[in-house]
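**Q** Each chain, written out:
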Amino acid sequence: MALLDWAKKADFDMMFKRYNVIIEGPAIKPEDDPDVKKVLPKEEPFRTLAMAVIFGDTEKAVQAAKTALERTSPLDVIEKGLAKGMDAVSALYAKGAYFLPDIMLSADAMTAAMAVAEQKLGRAREKKGTVVSFVAEGDPHDIGKNLVVMFLKANGFEAVDLGRDVPDKEVIEAVKKYKPVMLTGTALMTTTMTAFPRVAKALQEQGISVPVFGCGGGAVKRDFVESYDMGVYGVKAFHAPKLAEAALAGKSWKEIRKEYPKIVGEFVAEYADRM
Amino acid sequence: MGVRRYTKMAYKDPDDMVFGHAKFPVLEHWNVQFGAGYVVPEVKVAPEAGTERSKDTLVKEMASIAEQAAARAVDIGLPAFMLEQEHVFQQTYHPDWGYACTLAQAEVLKKYYDEYGVRACLRQTVGDLRIEEKGGLRGSEYDNRIAETIEECCKAGASDIAAETMGGKSVLDYGVMRGDIKAILFGIGYLGSVDMEYFWTRAVNICSKYDTRPAGDTNCSGANTCMYVAGGLLGKDMSHTAAALARAISAARSLVAVECGATGPLKDCGYENTIIKAITGVPICQEGKNAVCAHADVMGNLTCQVVDCWSNESVFHREEMGGPTPAVWLQATGYEAALMNTAIQTGNAKTLRDLYTFTDMYRDPQGTLLAYPNAFRVGKAIVEYGKDIYLRARAAALEASKIMMEAYEAKLLQLTRFELDTLRKYTSILESLPMEAEIFVDQCMREYPRKIPTFDPKSYGL
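For the protein sequence lines, the chains are A and B, in the order given.
Under our numbering, the first sequence has 32 at position 32, and the numbering climbs by one with no breaks.
Under our numbering, the second sequence has 428 at position 428, and the numbering climbs by one with no breaks.
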């Protein structure tokens, strides 16, 4: 077979390069990463809590939270321990050292441990703000929305998940009810993404203003999202908390559109003209 | 017709597989054959956003897409082509819209066939509207409307019917997001296969009443989701070795359509189709380098290797510098098919096949897996356990793992630590899974219903 002969003779470097292999540095422990060192607490019990989150170890995180709560306030357990672990995980993800499943397992560990702390606290920790998320009417593809919701929750936001195939009316009602700092809509198809301008228009007609209406998904592109008011094209799911934080800080959708790469803190090809 | 499980390979030697030739060619109106010695180019274009606002505007849009594609086919001298229309929500949700849209396109194709003799066929790919948490996958309003729309499309002149069903997706998505290979196997390999049998038994029955072929179904919602999430070489969301394992599992699942009576040509975005062709001998559609309008993959040439109908991927209906997108993208797939047909006519088909394959065989583990000699090996692993939908999916994944490890150890395939670690970890989990479907399902049912709120076991008879 020609393939076997070619495999012996060909210089693959002239055909393709696996850049992911080429750029891969030596294996280091997560806690030795310089960006992790910056956020990782040095003192106990916070370091153990953060490390359990970094390793996505739910059992250990829950146990560490229970032990810590004997001497430490629930809010400190959350803010100085668990949340710092999640900050480290975000840093590792942003630089490509961690991958999506790592983040999900860390988020699961953080959620479980936080529930223990909140039980002691007697109430839910105060959230940074509320975000409402939905998948456009007629569209059953929800993995993008699920990621957005996960990233928001892991970053301290209350994420109201309306699900998939959500009628416009339900979105409007939810916005009225929760008064979110951000609304997110996702769609895979060109013909379902038309829900976004319809929702934006209906909100405007009813005099309801949302600081940001983040829209993204398979066929959704920036020029489409920027064709209606409030719309900000979301490129990656993990950008969602940063956009919500920008809105919380008082930035308008027009400013967020303009400063998108700066707000998310990285090069974004889709916004290359606004770097 | 009952479900006929495959326990033997249609091809005895992978070298017998080549583009444009299938063991069991398929004839569709208007006089297009697939796998009968030539490759047919295909084009599909999504209607412009907003045209779905009324039946009238959508029907006009469909006719316009067909007219623009057919005109370009004649302009550049294509002997044959396929027009595929992937339904938007409204087209499947309203059976009368599905009928009118199909009729409008069929009339255009027939007109060109009568006037120029250009052989054309019309694929209608119905949308899988069903949602587990909204009435379930069986007998819900959405489900019933899909059946009605299939029938209306057949009546209106569809040459074949295809689908991209979503069975098992809720569990699969959970597996992708948490790196849980057991969930991926359960979602695609088991639940997906169960739902495929439900969906395709019915679809085949409907099509059999008309001059419409039940073509097949790809795991777009599963294995393509994995490929899409895995992304390019710098992607941060899923290991490419994991995406390759999901692809191998998806072959065991997409095979079910053929086992229910689907004839091919199998739908294009099923990168698993090479494996299914090796098992069944039915013709396949494929996409790759001309799918750049919709997504980036890392095996753009390789997927040409044994194709019978070469396609683009959905693109907006709009004007490009070279004309409207139905024309432009048919031209792109048309010239690729012309190259393959020239190779066939000049006795160079196997050389070109191998060039296509070798270009991408070691670019990425997904290409290594799908290179036709390796795809053939996965097929053999599937038929060895052909009668058991769980065991054959597990066997496909384990064989895929072996193929990637062999290529890695031979220093042909480079892997990152993440890719290698994932592969080793997932392989060890797969090896530890039970050899009895009943026990596996029982294990999964103890775990996933409580973890995944959108998973509806009843939709799978569980």
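No wet-lab data here; the hints were simulated from the structure.
Among the hints, erroneous ones may be present.
[Stated by the list, open to error] Examples of chain A residues lying across from chain B (beta carbon under 8 Å, computed):
id, residue
1, Val39
2, Pro41
3, Pro45
4, Thr48
5, Tyr93
6, Leu105
7, Leu162
8, Pro167
9, Lys176
10, Tyr178
11, Met189
12, Gln206
13, Ser227
14, Met275
Built from N, CA and C at the ideal position, the CB exists for glycine as well.
**Q** Are there hints from earlier that the structure breaks, and if so, what are their numbers?
**A** When the structure is compared with the hints, numbers 1, 2, 3, 4, 7, 8, 9, 10, 12, 13 and 14 turn out to be violated.
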